[in-house]
Amino acid sequence: MTSIASSSRLPHSAAGIPPASDHAAVPSVVRMLQSHVSVGTVHALVIKTPPLRTQLAYNAIIQALVDTDHRSSPLEAILVYREMIAGGLLPDDYTLPYVLKACACAIALKEGEQIHVHAIKTGRSVSNVYVNNTLMRLYAVCGELGAARRLFDRCPQWRRDLIAWTTLIQGYVKSGFPREGLRLFFAMCEDGPVADEMTLAIVLSACGRLGDLSLGKRIYRYMLDKELRRDVFVGNALVDMFLKCRGLKFAYRMFGQMQVKNVVSWNAMILGLARQGKFGDALKVFKNMQSAGVEPDDVTIVGVLNSCANLGLLESGKWVHAYLRKNKIWPDSFIGNALVDMYAKCGSIDRALSVFEGMTTRDVYSYTAIIVGLAMHGEAARALEIFDEMVIAGVNPDKVTFLGVLSACSHAGLTQEGLQLFQEMSAVYGVEPQTEHYGCAVDLLGRAGMFAEAEALIKAMPMEPDYLVWGALLGACRVHGKVKLGEFAMKNLLKVDPDRDGSAHVLMSNIYSSAHRWQDALGTRKSMKQRDVEKIPGCSSIEVDGQVHEFRKGDKSHPKRSEISRLLDQFMSHSRSH
DNA sequence: CTAGGGTTAG
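Take the first sequence: its position 456, counting from 1, is numbered 456 in the numbering used here, and each next residue is one higher.
In short, the hints are calculated from the structure, not lab data.
Every residue gets a Cβ at the ideal spot worked out from N, C-alpha and C, and that includes glycine.
Do not rely on the hints blindly, as some may be mistaken.
[Said to hold, decoys possible] Listed below are the simulated PhoX-like cross-link pairs for lysine-lysine, each with C-alpha atoms no more than 20 Å apart in a straight line:
(1) Lys-261 - Lys-249
(2) Lys-482 - Lys-459
(3) Lys-328 - Lys-318
(4) Lys-491 - Lys-529
(5) Lys-459 - Lys-491
(6) Lys-217 - Lys-249
(7) Lys-261 - Lys-284
(8) Lys-261 - Lys-318
(9) Lys-261 - Lys-287
(10) Lys-249 - Lys-284
(11) Lys-318 - Lys-287
(12) Lys-249 - Lys-278
(13) Lys-284 - Lys-318
(14) Lys-484 - Lys-459
(15) Lys-121 - Lys-110
(16) Lys-326 - Lys-287
(17) Lys-495 - Lys-484
(18) Lys-495 - Lys-459
[To be verified] Okay, the calculated beta carbon distance ranges per label pair:
(19) Val-496 - Asp-225: 23 to 31 Å
(20) His-480 - Val-400: 28 to 36 Å
(21) Asp-225 - Arg-179: 21 to 29 Å
(22) Lys-110 - Ala-44: 23 to 31 Å
(23) Arg-218 - Ala-44: 51 to 59 Å
(24) Asp-388 - Val-37: 32 to 40 Å
(25) Asn-396 - Thr-360: 15 to 23 Å
(26) Ser-426 - Asp-497: 39 to 47 Å
(27) Ile-47 - Lys-284: 53 to 61 Å
(28) Asn-396 - Gly-123: 43 to 51 Å
(29) Gln-257 - Asp-67: 31 to 39 Å
(30) Val-37 - Tyr-429: 14 to 22 Å
Working from the sequences, and respecting the hints, build out all of it.
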C-alpha cells in the first residue's frame with residue numbers, strides 16, 4: 001500500500017473557503033471521460049492545465065476511477081484524491097463518498113480513517129448521510145464493525161435511512177455474524193424503514209449462512225407479504241438460501257420459477273447441489289446451462305471440477321481442462337486449485353503435479369490440494385518436500401495442510417517426522433490442533449506401538465476426544481492386537497458417538513479374532529446383528545467412455561460382473577506371484 | 001454527479 005500519510009493534513013489556507021471552480025472547464029472534463037479518452041489521459045491533462053485543475057474536475061476523475069466496473073482502480077482514486085488535497089483543494093459532498101468507496105474497495109482502512117478526519121474537519125461526517133453511510137461501509141468491510149456500529153448509533157434516527165440499515169446488516173452478515181445481521185433486520189422491521197429487494201437479498205444470504213430453513217421460509221413469507229419483487233438478485237438469493245438450508249425441493253422450485261436467469265443463478269444451483277453431495281445432479285444442471293446457451297464463468301468451472309473430482313470423472317475433468325485451454329483461461333488461483341484437486345482425486349497425480357507446477361501464483365489452497373493429493377497417493381516424501389517449498393515460499397500452512405502432511409506421515413510410517421510436525425503446527429505455525437489432528441497423532445503413535453504416549457496425548461487434549469481420536473486408537477489396537485486397550489477405546493468411542501458403532505464393532509471383532517478370542521468376536525458380530533448395525537459396504541467406481549460404473553461389496557447388479565470378477569482374480573494371482 | 005444486492009476450494 002502506498003503511504004499517503006505525508007499529505008493527510010488539509011490545507012489550512014483553503015479551510016472554509018469554497019473552492020474556485022471553472023464552470024467552463026468542468027463539462028469538457030466530464031465530456032472527455034464519457035468519450036473514449038482514458039481516465040489517465042484526462043488526469044494528465046488536468047495536472048498540466050491549471051485552469052482545469054478544479055475540485056469538480058477532480059470529482060469527475062475520482063468517480064471515473066472508482067466506477068469503471070471491472071477495470072476500477074481504487075488505489076489510483078485514493079492517490080488522485082491526495083493530489084487534490086495537496087493542491088489546496090477541499091473535498092465536497094460528492095468527493096468524500098467517491099473516495100470512501102474507493103477505500104472500501106481497496107480495504108484501505110488507514111487511508112479511510114484519514115479521510116474520515118477530513119470529513120469531520122469539513123463538517124460533513126454527520127451532516128451528510130452519503131458520507132456517513134460510505135464511512136459505515138468502509139469500516140464494515142475492513143472488519144471494524146464496532147466503528148461502523150458507532151456511526152450508525154450516533155446518526156440521528158430521522159437520518160438513518162434504509163441504506164444505513166442495509167449497510168450495517170450486510171457488514172454483520174459478511175463478517176460472519178449472520179445472527180446479529182438478522183437481529184438488526186428484525187429491529188428495522190419494528191421501527192425503521194421498509195425493506196426493499198437489496199435488503200431482502202442480504203437477509204436471505206444470512207439465513208443461508210445459518211442453514212436455518214424455517215428462518216429462511218419466514219423471510220420468504222415476508223417477501224410475499226410485502227410484495228417485494230422477485231428480481232434476479234432475490235431469485236438467486238432464494239435458490240442459494242434453500243440449497244444451503246437443505247431445502248432442495250424449494251431450491252428447484254425457485255430456480256424453475258425464475259423468469260430471468262443469469263450465470264450466478266446457474267452457479268448457485270451447481271455449487272449448491274455439489275455442496276449437498278449431489279454431484280451428478282450438479283453436472284446435469286451444468287448440461288442444462290450449456291443447452292440454455294449461458295457461458296460458464298470461473299465459478300461455474302470450480303463447481304463442475306469439484307463435482308467431477310468427487311465422482312472420479314477423469315474424462316469429464318479433462319474435458320473441462322481442454323475447454324479452459326481452448327478459451328485461453330490460464331488455470332490460476334481458484335480454477336487451478338480445483339484442477340489440481342480434480343486430477344488428484346481422479347487418480348492422476350501426474351497431471352495434478354503438472355497443473356500445480358504450471359501455476360504462477362500458489363496460495364495455501366494450491367499447496368494443500370497437492371499435498372493432500374500426494375498423501376492420498378501414498379507419496380509421503382513428495383508431500384513433505386512440497387510442504388517445505390510452501391514454507392520457503394512464505395505461504396503459511398493451515399489446519400487442512402497439516403491434516404495432509406500428518407496423514408501422509410502416518411500412512412508412510414514416518415513416525416518421527418509426523419510427531420515433529422504435530423509439535424510444530426502450533427508452536428511454529430500458529431495453527432491450533434483440532435481433534436482431527438490429535439486423531440492423526442494418536443494414529444502415528446499407535447502404529448508405532450507407542451501406546452503409553454498415545455494414551456497420555458489423549459488425556460492431555462484440551463478438548464473432548466471425538467470418534468476420530470478413539471477410532472485411531474482402536475485402529476492401532478487392531479494392528480497390534482491390544483485387546484484391553486481396544487475395549488477401552490471402543491467403549492469411549494460409543495460414548496462420544498453412538499451412531500458410529502458399525503465400524504467400531506467390526507474393528508473390535510477383528511481384534512478379538514486376531515487374539516484368538518473367537519467367542520468374543522462372535523459375540524460382537526451377534527450384537528451387531530441384533531441391533532441391526534449395518535456395515536457400510538466398500539465401494540469403488542470407474543469411468544469408461546463418460547459412463548460411471550459403480551461397484552459395491554456384495555453388489556451383483558453389474559451386467560458384466562462375472563467377467564470382471566474373473567479378470568480381477570487373474571490380476572490378483574498374477575501380482576501375488578511377483 | 002454521491003451510499004447498500006446474489007454465487008467461489010483443499
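Going down the list of hints, with the structure as the test:
1. Lys-261 - Lys-249: Roughly 18 Å separates the two Cα atoms, so the pair holds.
2. Lys-482 - Lys-459: Status holds; Cα separation ~19 Å.
3. Lys-328 - Lys-318: holds, 15 Å
4. Lys-491 - Lys-529: holds, 18 Å
5. Lys-459 - Lys-491: Roughly 15 Å between the alpha carbons, so the hint for Lys-459 and Lys-491 holds.
6. Lys-217 - Lys-249: OK: Lys-217 and Lys-249 at ~13 Å, within 20 Å.
7. Lys-261 - Lys-284: Answer holds: Lys-261 to Lys-284 is near 17 Å, not above 20 Å.
8. Lys-261 - Lys-318: Violated - the C-alpha atoms of Lys-318 and Lys-261 are around 28 Å apart, more than 20 Å.
9. Lys-261 - Lys-287: Judged against 20 Å, a Cα distance of about 15 Å means the pair holds.
10. Lys-249 - Lys-284: Between Lys-249 and Lys-284 the Cα gap is close to 16 Å, so the pair holds against 20 Å.
11. Lys-318 - Lys-287: holds, 16 Å
12. Lys-249 - Lys-278: holds, 13 Å
13. Lys-284 - Lys-318: holds, 17 Å
14. Lys-484 - Lys-459: Judged against 20 Å, a Cα distance of about 17 Å means the pair holds.
15. Lys-121 - Lys-110: holds, 17 Å
16. Lys-326 - Lys-287: Within the cut-off at roughly 18 Å; holds.
17. Lys-495 - Lys-484: holds, 17 Å
18. Lys-495 - Lys-459: holds, 16 Å
19. Val-496 - Asp-225: 23 to 31 Å: Violated, since Val-496 and Asp-225 (Cβ atoms, about 45 Å apart) do not stay within the stated range.
20. His-480 - Val-400: 28 to 36 Å: At 29 Å between Cβs, range holds.
21. Asp-225 - Arg-179: 21 to 29 Å: holds, 22 Å
22. Lys-110 - Ala-44: 23 to 31 Å: holds, 27 Å
23. Arg-218 - Ala-44: 51 to 59 Å: At roughly 55 Å between Cβ atoms, Ala-44 and Arg-218 fall inside 51 to 59 Å, so the hint holds.
24. Asp-388 - Val-37: 32 to 40 Å: violated, 51 Å
25. Asn-396 - Thr-360: 15 to 23 Å: Taking Cβ atoms as reference, Asn-396 and Thr-360 lie about 19 Å apart, which means the hint holds.
26. Ser-426 - Asp-497: 39 to 47 Å: For Asp-497 against Ser-426, whose Cβ atoms are near 25 Å apart, the range 39 to 47 Å is violated.
27. Ile-47 - Lys-284: 53 to 61 Å: holds, 57 Å
28. Asn-396 - Gly-123: 43 to 51 Å: holds, 44 Å
29. Gln-257 - Asp-67: 31 to 39 Å: At 33 Å between Cβs, range holds.
30. Val-37 - Tyr-429: 14 to 22 Å: violated, 50 Å
In summary, the numbered hints that this structure violates are 8, 19, 24, 26, 30.
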